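Protein chains in written order, with the working numbering: chain R, 41 to 355; chain H, 2 to 252.
Simulated from the structure, these hints should not be mistaken for laboratory data. In this text, all values refer to a predicted model and were calculated from it rather than measured experimentally. For every residue, glycine included, the Cβ atom is placed at its ideal position computed from N, Cα and C. Errors might be hidden in some of the hints.
[As the list claims (entries may be wrong)] Here chain R is said to cover these stretches of chain H; the calculated rule only asks that three of the stretch's residues, wherever they fall, bring their Cβ under 8 Å from a Cβ of chain R:
(1) 76-83
(2) 94-106
(3) 123-129
(4) 150-162
(5) 167-177
(6) 206-214
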Amino acid sequence: MSGDVMVITEHMEGKFSDVSFELVGKARELAEAFGGESIALVLGEGVDASVFASHATLHMADAALNHFNPEAYARVIEALVKERSPRLVMFGWTVIGMDLAAWLSGRMGVPCVAYAKDVRVENGALVVSSQAYGGKLIAEVSPEGEMAIVACLAGSFPAEAGHGSTQATVIPSPVDLGGLKMKFLEVIKPEAGDVDITTQTRLVAVGRGIGGKENIELAEELAEKLGAVVCASRPVVDAGWLPRTRQVGKSGLKVKPKLYFMLGISGAPEHLEGMKDAELIIAINTDKKAPIFNVAHYGAVADLFEVTEAMLELL
Amino acid sequence: MHIVVAIKHIPSIADELPVRHNNIDFDSVDFVLNEWDEHSIEQAVLIKEAVGGTVTVIGVDVIGELDNALHLALAKGADRAVKIAAEEPGADSHQQAKWLAEAIQNMSPDLILSGVQASNDLDGQLGPLIAAYLDLPYIGGTSAIEVTNGKAMVLKEFPGGIGMRYEIALPFVAGVQAAPKPPRYAPVSKVRQIAQTAKVETIEPGEGESGGLRFLKMAPPVVTGHAEMIQGTAKEIAARIVELLKSRGLL
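Excised from the complex, chain H in its bound form:
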């Protein structure tokens, strides 16, 4: 059983997102691992623990700082870490998926996982694109994947707490919404130790091909309304809120 997890290094939306030339000013933002990738890594390790096999984590190194994310994945139980050294911070999902699909094809995977989405998936997500390039089916929004005898039992989430179960023959690509268990914690000491000893394999990117979107403009949303901001200390804010709730008959 060989599970490949395709991860994405993306601009952190916790910070300011300055814009330059109709796109993010990539020099002025921090890059972080896509939050859903934590779940796809966890899901992969859970399957490995249940049925054995190996987990390979692979991502496009868009700014040359992917090692940290790869070390963390190794500390959590991945066996092999691979980066595609593209150093193109603006590489879109199509471009990244092309590179990833090429690399993954040579790995003979039984199952490919990715995060269900990323906040910079303007041209679509990695998972379905990798599936399309490898001529594999794709299912997203998964919250549980169990593997037995060349098949997977997959739970996909729908709104309102509804789930649908599927039986899927390997190999295929799944976009993970959530692992069945919260992503495990890797102690800093372990990550540090791995950073010193682990080998991250490097692949040079091939041709790639962008998703064909011409950027005309990028800007914060035009604000049509804004909350009335309550100023002051926490105590003053609390008092104002309580007063507000009373005036509305909510207290």
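Same shape as in the complex, but just chain R:
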């Protein structure tokens, strides 16, 4: 078993995601504590892999890995982890990492920590802080054994520390990537036509608390008075009350408006990822312990319908 820390990086259309740099920066620090090296793993062609501050970068430039293929990625990572026996494997808790981290854990029989916010070495032991239960609790856990997997929430570590110019070493795939059950077909870009919420200066964001599609109109009315556009958290979009182009958060869009007015959104980590940098955040929620009140600038524990109606009377 080595003291190495391996980072599974992610890229799309030739660009690495911020979380890849965040993880590499953290991996360098952890590898030094374990007396090993940080290794950035880059899968697929069409990207300049020599951009990390890792001790080493391995680039598996295989065309079968150009687009994310969960099965291909999983098989390749499993083989490489078996071969190298790192102390720690780091993923982003992203749409990519979420497909891989727990699967690898099950295959390798080693612990996995999801929703990780912080990873550190205390007296030689690995300690992970994890944001569970929709952000309502932080669990501090120590994975048993000599290898562990962590999947970290985006934005947990500074990205700057991961930028560098370590020359990538091109390596062949350790497994045969023919005969996969999963075949990538195509990328589907979002339909144009709807408003682009990322360019709006004012947003009225509705969450599950809005109760139903019939109540969206009320939020629209308020938005109109504020010169804003209505956006939403994931459950609202999954329920079909607003189109996916309006979704803010990890699986939606990142926004940074001057005003982010929130109606009935509790503030799960996935949503915060998409809006925490807004200039002015005002949140209305009936749950006084909702995590959003730790992030919002102003808050009120109140019925969103009553407050919205009252605001409409004043505007």
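Mind docking chain H on chain R? Use the hints.
What follows is chain H alone, placed relative to chain R:
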């Protein structure tokens, strides 16, 4: 076509979450069906309606109250309901996935669905773990699955409204982010009727094996900042917000 849906009964995060011995005080919380499971059940029933077959819903009964969730799934169109009677409220995803994989293996499924994640997935989600234990590929974040001739066309969501389409040979495991249609509503009367007549099969759990996480501490997040709270009636709150927006030049 046999679709198996693995569901998870989890502490409700709508309520207070008291902590005892570095973990949730499971005696003091309500358990609810993982919200994403509503979508995986809907996705399974939609496939059944399109191509025929049967839907089996299975979950670990961690506190002995899973029947309600299983009855609801039957009312929505599932054909068979199975519970693994573990009664271990703290059973983690690894443990549950081990039990589920053992049971599912005997069911010869063509497709296994689970919710893409659950709020208590500290050690990872059920779907990828079940896939790993059954030596199957896993794809999560799906928003549409269509089955034809032993293959599935799967749409997986990426940030920013981007989707990627895959063709996947059965069987495999998918973690459902959203069904193509909002989960259907089952009338209370129907659920009640099913509760009286339906048979939920019970399986005793096997060995199981936890995910190997030692809990050192669990606590609400240390708050570094807090919103300035606006007190008063709805009218007073509204007035204060309007005043605030005006002072910031936003009105």
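Hint check results:
1. 76-83: violated (count 0)
2. 94-106: holds (count 3)
3. 123-129: holds (count 6)
4. 150-162: Contact hint for the segment 150-162 of chain H vs chain R: holds, 8 residues under 8 Å.
5. 167-177: As far as the segment 167-177 of chain H goes, the hint holds, because 6 residues have Cβ atoms under 8 Å from chain R.
6. 206-214: holds (count 3)
Hint check: a violation occurs at hint 1 only; the rest are consistent with the structure.
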